[in-house]
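Protein chains in written order, with our numbering: chain C, 1 to 349; chain D, 1001 to 1374.
Wrong hints could be hidden among the right ones.
What the hints assert, rightly or not - Per label pair, the in silico range of CB-to-CB distance:
1) GLU61/C / GLU1129/D: 15 to 25 Å
2) ALA118/C / PRO1079/D: 57 to 67 Å
3) ALA1076/D / ALA118/C: 26 to 36 Å
4) ASP1373/D / VAL133/C: 26 to 36 Å
5) TYR1294/D / ALA118/C: 33 to 43 Å
Since the hints were derived computationally from the structure, they do not count as laboratory data. What you are looking at is a predicted structure, and each value in this text was computed from that prediction instead of being measured. Where is the CB? At the ideal position from N, CA and C, for every residue including glycine.
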Amino acid sequence: MSYRLQRLPVAKPSVAFAARIASVVLALLTAGLVLKLVGMEPLALAGRVLKSTFGSSFGLEDLALLFTPLLYCGLAVAVALRIGAWNIGAEGQFNLGAFAAAGIALFVPGPDWAQLPAMAVTGALAGAAWILVPTLARAYAGVSELITTLLLNFVALLLVYWVSTGPWLDPSGHALATTARLPVSVPEFWGIVHWGLPVAVILAVGLAAVFAFTRWGYEVRIGGSNPGAARYAGMPVRRHLIAVMLLSGAIAGLGGMMEVAGTVGRLQGGISNNYGYLGIMVAVLARAAPLGTIATAFLMATILNGGIILQTQGLTTHTVLALTGLILLYAAIGDEAAKYRIVKLAKGA
Amino acid sequence: MISIKSLSRRGFLNMGAAAGAGLLLPRTGLVRPAFAQAPLAPVDVKDAMIAFGHTGPVSDEGWTWAHDQGMKAVEAAFPGIRTSFVESVPYSADATRIFRQFVADGANMVFATSNYGDFLYDVAKRAPEVAFYECDGRTHMDNLGTYYVQHWYPSYVAGIAAGAMSKSGKLGYVASFPVPSVYSGTNAFLMGARTVNPAATVQCIVINSWFDPQAATQAGTALLDNGCDVLFGIMDEAGYLQVAEARGAKAVMWNTDLRRYGPKAYITSIMVDFKPFYVEQVRRRLAGEWTPTYGLLPMGQGVDRDAWGETVPPEVAAKADAARKKMMEEGWSPFVGEIKDSKGNIKVAAGQKMTEEELYHWDWSIEGVSGLDA
């Protein structure tokens, strides 16, 4: 009797899910082991993180504020992945969305009820505009969107730095390297948590429904997994690619609008806080499923928030970064491992 | 260096601490005019916790390292006191989380060694029993003070030496952001240089960071390529000094003695020392005497030029030190009009002396400084 490994083209969902859980647990165990080796008390630290995060409304509010931009950026990346495009530029689109929304708030006077929707729409449009060139280059010239979207991040960041330290600098003279406080803000519904959070969750549910139940969503999924077959079947793959990538940029842009108008209140250089890059991890961990991003954005927010608590206990930012990297590494291994199964070979086979 | 990257400050609430202070605390119900302000209650050293939020790593050998020395001085002065610090605090909502965590962990006093603006004020507003300090801050609250250094004086002194040692008269400056620290630093540096070379200029490159050795190195290289032969800057590390050393140019640094990274290039450094300030403020907090202060540490008491570098000719050092002596002993200020801005407008009238407040808030370049004004 002998055994052999058999590779499946697609992992069984239950196995994939178990692999995902196992990879996160293993990553945490590894991190705990390393902490133990350097002389820290991993269990005490973990208890402290859980207590500080979930034991008070302050902790939960912080978590929710961290979760919101991660969900927008995770959704942006996940949506593009559905049609096989890597949007590495959520960071830039997020910045552009914040930039455009701040511009409306600061320079286009109007009542709150009109200004907030206008800011949301402008933020989303700005995010879409920022991915327009990479989208067309990919759709018509086959230029890798991986590189073009990535490079535009730096341009967006410099643009935000420039306006917030230059032409849009707070005229009061008391604020450095930032715009004035925006005269409107996204209303809060629980402590310091604003409506950007429920909007993001509704967006995730809506996108999941669109991909699951509409013809358009079906065609996008097919176009992503097998563009040749989709074209042969008469599906307008290029048109779908353009629409999906613009949608991806718009979601990240909306996230930027919510961050500047809901959480931070001023446009400044550090506003994106790497959410765009972390969104890639959120989407990959969720296997690009919109509903899954809710869970993985929550996990990521918990890890990052835990990281802040760990820093006040004497760990460095690099340790926290290493921990997030470790989880992604284990998840990638788990993903691949989930595609294998052990089969028993019958005698004589 | 200092402060700011993103900064934010709620400037409109800052119309004078006295008038505005009460307005800042409506959520806690603590509305009291500043003139009636009582000190925060005393704390036993065994129960005390002092926290520091830093813009860079404590190992930067620059700004953050200098503040970390201050924390160590506090630990030495008050045995048994608890301290906590976080490095590389981003200028984002994460800063709020970090400062809030300090408060949740029981901090009695929180020092932001850079300019975190609203991210700090949001926490200070909700923790009226905790003393906060913002370095290079410009906002006053009942429980929030500010502190910084009068670096423009040693920058002027260093400028005299730089002007004398430059052959091209073109000085370069590696800037973090176009903020007052950078305006006052470049302006003072050029005013010093022009006392020996009236045609001197300063060209700035802004790199959007206080700690980015790679960008600082590139900026230094670009400035030298452009004909500059003395570099100055406001960086937390030694990147552009190494460039100057390799290219046979000179450099003036900030924060600490960095001469071992470029002994031939090193002219001097704008040295900072926050140890006495931190020890004194912690003492006041523990003793129940603390109310916020808004001071600028003067030259000789928190900021000064470093000992001159080995290649600085003695006569150059003597000339620069003569100005330093006049400032320290006679209270002389070189910041007297007429001073024109980079567009040629007269901003300080002839004979008018700029106040410390004006120097601290300086937000325009003098004629001869390029690269900062939009």
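Do the hints match the structure? See the list:
1. GLU61/C / GLU1129/D: 15 to 25 Å: 20 Å, holds
2. ALA118/C / PRO1079/D: 57 to 67 Å: 59 Å, holds
3. ALA1076/D / ALA118/C: 26 to 36 Å: 57 Å, violated
4. ASP1373/D / VAL133/C: 26 to 36 Å: 31 Å, holds
5. TYR1294/D / ALA118/C: 33 to 43 Å: For TYR1294/D and ALA118/C the Cβ distance comes to about 40 Å; the hint holds.
Of the hints listed earlier, the one the structure fails to meet is number 3.
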